[in-house]
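Can you join these two chains into the complex? Each is in its own frame, and there are hints to help.
Chain order of the listed sequences is A and B. Here the first sequence is numbered in my numbering, starting from 192 and rising by one per residue. Here the second sequence is numbered in my numbering, starting from 309 and rising by one per residue.
Because the hints were derived from the structure by calculation, they are not lab data. Since the structure is predicted, the reported quantities are computational estimates derived from the model, not experimental observations. Backbone N, C-alpha and C fix where the C-beta goes; we use that ideal spot for every residue, glycine too. Treat the hints with care, as some may be off.
[Said to hold, decoys possible] Sample of chain A residues lacking proximity to chain B, with all beta carbon distances greater than 10 Å (derived): (1) Glu201; (2) Leu210; (3) Pro231; (4) Arg253; (5) Asp268; (6) Arg282; (7) Ala283; (8) Ala307; (9) Lys312; (10) Ala356; (11) Met359; (12) Asp374; (13) His400; (14) Pro425; (15) Thr438; (16) Val445.
[Claimed, not checked] Label-pair ranges, simulated between beta-carbon atoms: (17) A/Glu284 to B/Leu610: 49 to 55 Å; (18) B/Arg591 to A/Glu272: 56 to 62 Å; (19) A/Asp334 to B/Glu598: 42 to 48 Å; (20) A/Gln342 to B/Ala609: 27 to 33 Å; (21) B/Leu414 to A/Gly424: 55 to 61 Å; (22) A/Glu435 to B/Leu585: 54 to 60 Å; (23) A/Gln342 to B/Val341: 36 to 42 Å; (24) A/Asp374 to B/Pro423: 54 to 60 Å.
[Unchecked claim] Chain B residues, not near chain A, derived (Cβ > 10 Å throughout): (25) Ala496; (26) Ser499; (27) Leu607.
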Amino acid sequence: MTGEPMVRAEGVRKSFGRLEVLKGIDLEVAPGDVMCLLGPSGSGKSTFLRCVNHLEKINGGRLSVDGELVGYRAAGDTLHELREGEIARKRAEIGMVFQHFNLFANMTALENVTCAPIRVKRLGREAARARARAMLARVGLADKLDDYPAQLSGGQQQRVAIARALAMEPKLMLFDEPTSALDPELVGDVLGAMKQLASEGMTMMVVTHEIGFAREVADSVVFMDDGVVVEAGPPAEVLGNPREERTRAFLSKVL
Amino acid sequence: MSIEQDTAGAGRPESIRAVPVRHPGRWIAAAIVVVIAVAIVHSIASNPRFEWSVVGHYLFDERVLEGLRVTIELTVIAMAIGIVLGILLAVMRLSPNPLVSGGSWLYIWFLRATPVLVQLLFWYNIAALYPKIDLGIPFGPAFIHADANSLITPFTAAILALGLNEGAYMAEIVRAGIISVPEGQSDAARSLGMTRLQTMRLIVLPQAMRVIIPPTGNETISMLKTSSLASVIVVGELLYAAQNIYSVNFKTIQLLIVASIWYMVCTSLLYVGQYYLERYYGRGAAREQELTPLQRLRLIALPSRDAGAR
Ligand SMILES: Nc1ncnc2c1ncn2[C@@H]1O[C@H](COP(=O)(O)OP(=O)(O)O)[C@@H](O)[C@H]1O
Ligand SMILES: [Mg+2]
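Extracted from the complex, chain B is given alone in its bound form (with noise of 0.2 Å):
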């Protein structure tokens, strides 16, 4: 059998028609699917007790959109100590020194073996254990004294419990981005001049990227909801901005509701992003790359256009 190559356009063999298969299943599926989806849809609208002008009322309540904001920024501050944190401890893990890579080991170990709940409370309460704190060289002159119950705020203890908690499990996920990248691509980078922090920055580190990524948006996923465990410790977050509300008014339902919107609305925002991410670091692992949703809109919006721009 051969088959034939219409490189002229002339000779086209003709397109196969047959009867395709059934899938009665799919179909029974499908039918149950929008059943149970009609009945849930039904049941939240005509539930007066789920009181949705309530919701909409508090939703930009400038209280809410408080906390929203002290969420996001906790969000953000604590990934990116963690990813710095991460990918030093990473390094570390596999640096030939036993007491470097034994140290980060058990840094990693640490922070992993206890809730994060409890490490938030500990940052909370570290003026108990050390009322003052001095920045300087270890057992030599301090440049810095401090109380420790004014530096360490609940936000500042926040963001060191959540952003060194998340640092161990960075690590991880960037060790194991380094260690999927072929050795062969260092041997050829130090081949050709390049020092050991090159070779890492310029060549291993954007390969594991690729590896890197998914996991980092499932980590900055989970921390924007994690983030809320900082209202135990009085931070002025989402959660917390909704508890103190409702605590007055008793609407719980409703601002539970409404905390719950804005997470979704955020992490639907970092699905996105997460999806440009990847897209960009995982240039050059396959032959063609797939179109984003939008060039597919505006594919079909100016079809000609772009055809002739191709």
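So that you can see chain A by itself, here it is in the shape it has in the complex (with noise of 0.2 Å):
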């Protein structure tokens, strides 16, 4: 596994009937490694995301997730799409946290965090309850168990939402804009819980508008716009002292 990046993306392209979306999009993560995506709304920062799970089909080049195609089984020269039961088994492994957390409004946080686990990796209940538990707690939620979502606020909801995808033991996380719908006071709850998980080794990318959390966390920054990679490198290059006009226009509006 050495050597492998988590994420791959070569030339990838996507389009929603005649709008392209995506115009060839390449990038590597590596295992480890916190990428913070930026760029202006409609770029297509959440649609990358999206094909990374393959909650969107790529319309055409490479994306692959820890050394295997996204969406096919390539034997030979020739892809085979997967099965529907194949493509659910690979996004078990990869967390994916929203913009506005949808967390299971017919369940209690401990439910939302237990529900994937016994009903996807068929685990025990006892043993899903415990997991989940320490999960909640992590995010500093071990008394909010018993809560519906209608009864947290939108920092605590979003933390049940990361410490939902996490109890999959996720090998990658995907967060699409984790902070954007909370209010000013609660987002640095949600940005310590990432900080955290940064610290302990989990590969993620991160679209947000949090220049200060992507210059301190991340180890690489892409900075998109109208569906391609305009710069990328260490946040200290693209952040500090970009190259393109594009990027530096964008980052003096969100700074």
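Below, the structure is given as structure tokens:
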């Protein structure tokens, strides 16, 4: 596995009908690294993350996670589409956190976290509960187990969502603007949980407008605009000394 | 202006004393309603032609109770068929395969475009179209041969007509419920590795229930009464039993009242069931759940014990 990137994209293209949203994305994320994706709204950041998790199907290029193609199996020169069950199994190894939390509204915090381990990983009920309690304690919510999402603040909901993804023991975590829907005073708790996760060695792709977080935590930063990667590199370069005019213009707006 | 927090119990602001607004209009309206109600009750109670003793005599008549049993059976079976079929049709309707969703659309359109009474008569007379019914592989060998007249009794004709018709209406209700669940819920479920079926069964349908239950309750209440149409094809349900009795003793009004009383009793029971179902599936929708009337009653009767448990 050494040298193999966790995520590799080569010329990834994606269209919705006649609208081309990704126009050939190239990037690599090494295992244990944190990559932050920046870019103006509509530049295709969410779409790219969804492609990595096969929530969207790509139209061109190659996209692989942990050395295996997303959505296909290569046999010699031909590609075979994966069955739904196989795709689901691969998704189970990738955690995803959404801008609007998307906690299951009909379940308590604890049930949100135990649901997939029990139903997808076939983990025993008690083992799943024990793991869920540990995950929720880790994000500072040990006392909110029996609350429904509607009874939690946005920051608490997002931390439950992180615990829910972590309970599947993913090898890769995708974050799509995890703090954009939060009140400013709640952002810190969520970023704190993410920083801790990064320090524990989780491979992460994070779409965010939190430049401070990117500067502090990211190993690499990618700036996207209009479906292409405009600039990529270590945070000190891309954020501190951008080469491209478009990057500079964007940074001056969010900073 | 600032609102004082009263956490320590000290410095509680005095409750407001003010002269409330008077509502003379409400008093007049209430008086009118009461007068009308008293007049109606008086006329019903004092009109000897109602013959309430006859109503009382037939209320628990064996034939009436048997009719009631058939009505409940018809309602339960037809609704069960309708709900299962409705879920199936709704999921088909949302399928990306145009033939599957088109088939579902066609079924729904066809059964909603004709009166249920006509469908009832159709099924009753199906033997004229298909005297023999074979169950088996289409265009292939059949496993069961049956004579339509013996297979389709009036009761099965009623079940088929009411159930298949209900399926079309339930499909629209279930579809509205499924659509009401935000797409982010299935995104999250699928990102956790759930299959489409698991996502539907564990995440989407339970949440859709909140939207599905109230109209389904209405459908059940309406089915209870629509099942009386089956009397036309000599199914021995409640109305048919009442008709049978008054065709002999001519106590028409009294027996119609008997039937109505039983319909009202069943409808009221369905109201209660619907209340608890809605409550169950409303979990997580509101921050606090209201107490049920029973819980409130207990709170009034045994205030100390419940307060201690909290
Ligand atoms: N399911 C979809 N169908 C059609 N267009 C879409 C869909 N999802 C995203 N788009 C379009 O793709 C473009 C990129 O969207 P998105 O990836 O959400 O951008 P970002 O996350 O960078 O703001 C936008 O123009 C958006 O309208
Ligand atoms: Mg986005």
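Hint check:
No Cβ of chain B comes within 10 Å of the Cβ of A/Glu201; the nearest lies about 23 Å off, and the non-interface call holds. The beta carbon of A/Leu210 sits about 19 Å from the closest Cβ of chain B, which is more than 10 Å, so the claim that it is off the interface holds. Listed as a non-interface residue, A/Pro231 keeps its Cβ farther than 10 Å from every Cβ of chain B; the least gap is roughly 22 Å. Listed as a non-interface residue, A/Arg253 keeps its Cβ farther than 10 Å from every Cβ of chain B; the least gap is roughly 22 Å.
The Cβ of A/Asp268 lies farther than 10 Å from every Cβ of chain B, with a closest approach of about 29 Å, so its non-interface assignment holds. Not every CB of chain B lies more than 10 Å from the CB of A/Arg282, the least distance being 5 Å, so the non-interface label is violated. Under the 10 Å C-beta cut-off, the non-interface status given to A/Ala283 relative to chain B is violated; the minimum distance is some 3 Å. At roughly 4 Å, the least C-beta separation between A/Ala307 and chain B is not larger than 10 Å, which violates its mark as non-interface.
Residue placement check: A/Lys312 does not keep its beta carbon more than 10 Å from all beta carbons of chain B (closest about 8 Å). A beta-carbon of chain B comes within 10 Å of the beta-carbon of A/Ala356; the shortest separation is about 7 Å. Distance check on A/Met359: its Cβ comes as close as 6 Å (rounded) to a Cβ of chain B, failing to clear the 10 Å threshold; non-interface status is violated. Every beta carbon of chain B lies more than 10 Å from that of A/Asp374, the smallest distance being close to 18 Å; the non-interface claim holds.
Listed as outside the interface, A/His400 is consistent with that label: its C-beta sits roughly 20 Å from the nearest C-beta of chain B, beyond the 10 Å cut-off. The Cβ of A/Pro425 sits about 29 Å from the closest Cβ of chain B, beyond the 10 Å cut-off, so the non-interface label holds. Here A/Thr438 stays apart from chain B, with its beta-carbon at least about 30 Å from theirs, past the 10 Å limit. Residue-level check passed: A/Val445 sits 25 Å from the nearest beta carbon of chain B, beyond 10 Å.
Taking the beta carbon of each, A/Glu284 and B/Leu610 are about 53 Å apart, inside 49 to 55 Å as hinted. For B/Arg591 and A/Glu272, the hinted distance range of 56 to 62 Å is not satisfied, since their beta carbons lie about 39 Å from each other. Checking the proposed 42 to 48 Å range against A/Asp334 and B/Glu598 shows it is violated: the Cβ atoms sit about 25 Å from each other. At about 29 Å, the CB distance of A/Gln342 to B/Ala609 agrees with the hint of 27 to 33 Å.
The given range of 55 to 61 Å is respected by B/Leu414 and A/Gly424, whose C-beta atoms sit roughly 58 Å from each other. Separated by about 59 Å at the C-beta atoms, A/Glu435 and B/Leu585 satisfy the suggested range of 54 to 60 Å. For the pair A/Gln342 and B/Val341, the supplied restraint of 36 to 42 Å holds, since their beta-carbon distance comes to about 41 Å. The given range of 54 to 60 Å is respected by A/Asp374 and B/Pro423, whose C-beta atoms sit roughly 56 Å from each other.
Distance check on B/Ala496: its Cβ comes as close as 4 Å (rounded) to a Cβ of chain A, failing to clear the 10 Å threshold; non-interface status is violated. With a minimum CB-CB distance of about 4 Å to chain A, B/Ser499 fails to clear the 10 Å threshold, and the non-interface call is violated. Non-interface call for B/Leu607 relative to chain A: holds, since the shortest CB-CB distance, roughly 22 Å, exceeds 10 Å.
In summary, the structure is inconsistent with hints 6, 7, 8, 9, 10, 11, 18, 19, 25 and 26 from the numbered list given earlier, while agreeing with the others.
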